[in-house]
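Q: Given chain W's structure and the hints, the job is docking chain P onto it.
Keeping their order, the protein sequence lines are chains W and P.
Residue 671 is where the first sequence starts when you use the numbering used here, and the numbers rise one by one after that.
Residue 188 is where the second sequence starts when you use the numbering used here, and the numbers rise one by one after that.
Do not rely on the hints blindly, as some may be mistaken.
As the list claims (entries may be wrong) - Below, a list of computed lysine-lysine pairs in the BS3-like style, where the Cα atoms sit at most 25 angstroms apart:
#1 Lys934(W) with Lys884(W)
#2 Lys795(W) with Lys344(P)
#3 Lys778(W) with Lys329(P)
#4 Lys795(W) with Lys810(W)
#5 Lys359(P) with Lys344(P)
#6 Lys344(P) with Lys701(W)
#7 Lys690(W) with Lys701(W)
#8 Lys317(P) with Lys813(W)
#9 Lys778(W) with Lys809(W)
#10 Lys711(W) with Lys934(W)
#11 Lys809(W) with Lys317(P)
#12 Lys329(P) with Lys399(P)
#13 Lys810(W) with Lys778(W)
#14 Lys809(W) with Lys795(W)
#15 Lys317(P) with Lys329(P)
#16 Lys813(W) with Lys795(W)
#17 Lys359(P) with Lys795(W)
#18 Lys399(P) with Lys810(W)
Unchecked claim - Not close to chain W: a few residues of chain P, all C-beta gaps over 10 angstroms, as computed:
#19 Gly250
#20 Leu309
#21 Leu311
#22 Arg321
#23 Leu383
#24 Leu385
#25 Leu389
I should point out that these hints are in silico values taken from the structure, not numbers from a laboratory.
We treat Cβ as the ideally placed atom computed from N, Cα and C, and that holds for glycine.
Below are the chains, spelled out letter by letter.
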Amino acid sequence: MPNPVISIQDVYKSFEIGEKPTLWQRMIGRKDTRRTLEVLKGVDLDVSPGEVVAVIGSSGSGKSTLLRCINKLEVIDSGRILVNDHLVGYRERNGALAPESARETARKRTDIGMVFQHFNLFMNKTAVENVMAPLLDVKKLSKATARSLAEPALALVGLQDRMANYPSRLSGGQKQRVAIARAMAMEPSVLLFDEPTSALDPELVGEVLAVIKKIALTGTTMMIVTHEMQFAREIADRIVVMDGGLIVEQGAPESVFGNPRHSKTRALLRRSGLLATPETEALSVVDDDIEDET
Amino acid sequence: MEFIQNVLGVFPSLIRAIPVVAQLAIGAMALALSLGLLVALARLSQNWILRTIATVFVEILRGTPLLVQLVYIYFVLPVIGIQLDPISAGIIGLGLNYAAYLSEVYRTSILAVDSGQTEAALSLGYTPTKALWRIVIPQSFKIALGPIGNYFIAMVKDTALTSVIAVSEILKTANTVNAQTFQTVEIYTAAALLYLALSLPLSRLVIVLERKARARA
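So that you can see chain W by itself, here it is in the shape it has in the complex (with noise of 0.2 angstroms):
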């Protein structure tokens, strides 16, 4: 069994909600009222060369910042994640973690590849150039040779005639297909998407889903957060089910979506229609709300 392109190993994650008091506040007596959020609570979950995991879950189950943790847009509390057996953003000291410099985790992430639920396409580059930036600015290639990257990389996801747009000439599914194109292009050995269609208009949906269907299939390994249940089966060999910050149940699409042992996968199933019910209230379908997780 080759190594885990992504190993997670009991990652703990909690939010701090809410403004540390200043002096002068608490010199007129306001108290300090910070909270602690516990997100993740103690994650394992290895991704092996090639796999594609999809993990689902309702909002708030902590599926996002699992993700974000994984190239350290989030610190992690404990535990350690390796991506092709480094840490990333930490380094090891007698045994506890911290922090390495930011050009070496600036270093590791170009092998990791991420999409966003928002896109965050460089609203002051045109398409070809959004590819191109961190070809250039990361990877130090000359403007030829990011050319001749970022132009099959916009192609294979079906905007070679939309190379010159800004995004705010594009539609939301061409914005998100540029993206992908411009995380391919540094020919990343893992894709991180955060849920890819949410911010999409429904009639939308299926070009990205196809785009991202098609790498797939190229055998590049992936993790991808939705909640987009048809997709999940179709695209994942594996399902991951989240909830609040536990992994519930996980296995091959047909046993997870067949045979669903946990209480919370079946909700979730109900919800999206993709369970038959007998109880009445699966005839109300209950609206799902996609909300942004932070």
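A: Relative to chain W, chain P alone:
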């Protein structure tokens, strides 16, 4: 009619002050634009010493009148051995004062750029510093352009304050001509019109630049 002719008649004596105003405004703006950016970055820095120094700088320069600052630079600094010619003192005084205001424009513009831009850059392997310079700051300039233009127009008019430190700009020149000719109404009307003639095209220019910047996105 005769009044208008008289006003027009004193214009040529004021026109020679325009290169001085241009020198002051452009020099001070160059100083304010570059120093303002450094101050803004210091205020956004993780380092509390830098942050404190920058905050103190901004509060002092925003909290005291520009007129007092100019007088201080020109008349007080020589006491500790720093002797400046009037134009240099004017450029430094205006430049420092506007740097304080522009630093706030930059700071809020940088904060106004969506944090997703930084996250995307970081995920692609930019260091935080590189993400700031290559991705965030270029976008913040677009947001800052309008306010910067407004401050530049204000600065052109504030060059009048340097008349008190013996810079031969428009107002000082008008004072001199007035002392010789006693055409008080005509000369100061002409001076006011000259300021207007400088600032109106500038405000048009700001609008055009803003429109251009908006089109490119």
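Q: Hint by hint, say whether it matches the structure.
A: Evaluated hints:
1. Lys934(W) with Lys884(W): 30 angstroms, violated
2. Lys795(W) with Lys344(P): Distance ~36 angstroms between lysine 795(W) and lysine 344(P) Cα, so the pair is violated.
3. Lys778(W) with Lys329(P): 32 angstroms, violated
4. Lys795(W) with Lys810(W): With a Cα-Cα distance of about 18 angstroms, the restraint between lysine 795(W) and lysine 810(W) holds, given a limit of 25 angstroms.
5. Lys359(P) with Lys344(P): 13 angstroms, holds
6. Lys344(P) with Lys701(W): With Cα atoms ~48 angstroms apart, lysine 344(P) and lysine 701(W) exceed 25 angstroms; violated.
7. Lys690(W) with Lys701(W): Within the cut-off at roughly 9 angstroms; holds.
8. Lys317(P) with Lys813(W): Given pair lysine 317(P), lysine 813(W) holds - Cα atoms ~18 angstroms apart, limit 25 angstroms.
9. Lys778(W) with Lys809(W): 12 angstroms, holds
10. Lys711(W) with Lys934(W): 17 angstroms, holds
11. Lys809(W) with Lys317(P): Given pair lysine 809(W), lysine 317(P) holds - Cα atoms ~13 angstroms apart, limit 25 angstroms.
12. Lys329(P) with Lys399(P): It holds: about 10 angstroms lies between the C-alpha atoms, which stays within 25 angstroms.
13. Lys810(W) with Lys778(W): Roughly 16 angstroms between the alpha carbons, so the hint for lysine 810(W) and lysine 778(W) holds.
14. Lys809(W) with Lys795(W): 18 angstroms, holds
15. Lys317(P) with Lys329(P): At roughly 19 angstroms apart (the allowed maximum being 25 angstroms), lysine 329(P) and lysine 317(P) satisfy the hint.
16. Lys813(W) with Lys795(W): 15 angstroms, holds
17. Lys359(P) with Lys795(W): Violated, at about 48 angstroms.
18. Lys399(P) with Lys810(W): 30 angstroms, violated
19. Gly250: 19 angstroms, holds
20. Leu309: 7 angstroms, violated
21. Leu311: Violated, since 4 angstroms does not exceed 10 angstroms.
22. Arg321: 5 angstroms, violated
23. Leu383: 35 angstroms, holds
24. Leu385: 31 angstroms, holds
25. Leu389: The claim holds: leucine 389(P) sits with its nearest Cβ about 25 angstroms from chain W, beyond 10 angstroms.
In summary, the structure is inconsistent with hints 1, 2, 3, 6, 17, 18, 20, 21, 22 from the numbered list given earlier, while agreeing with the others.
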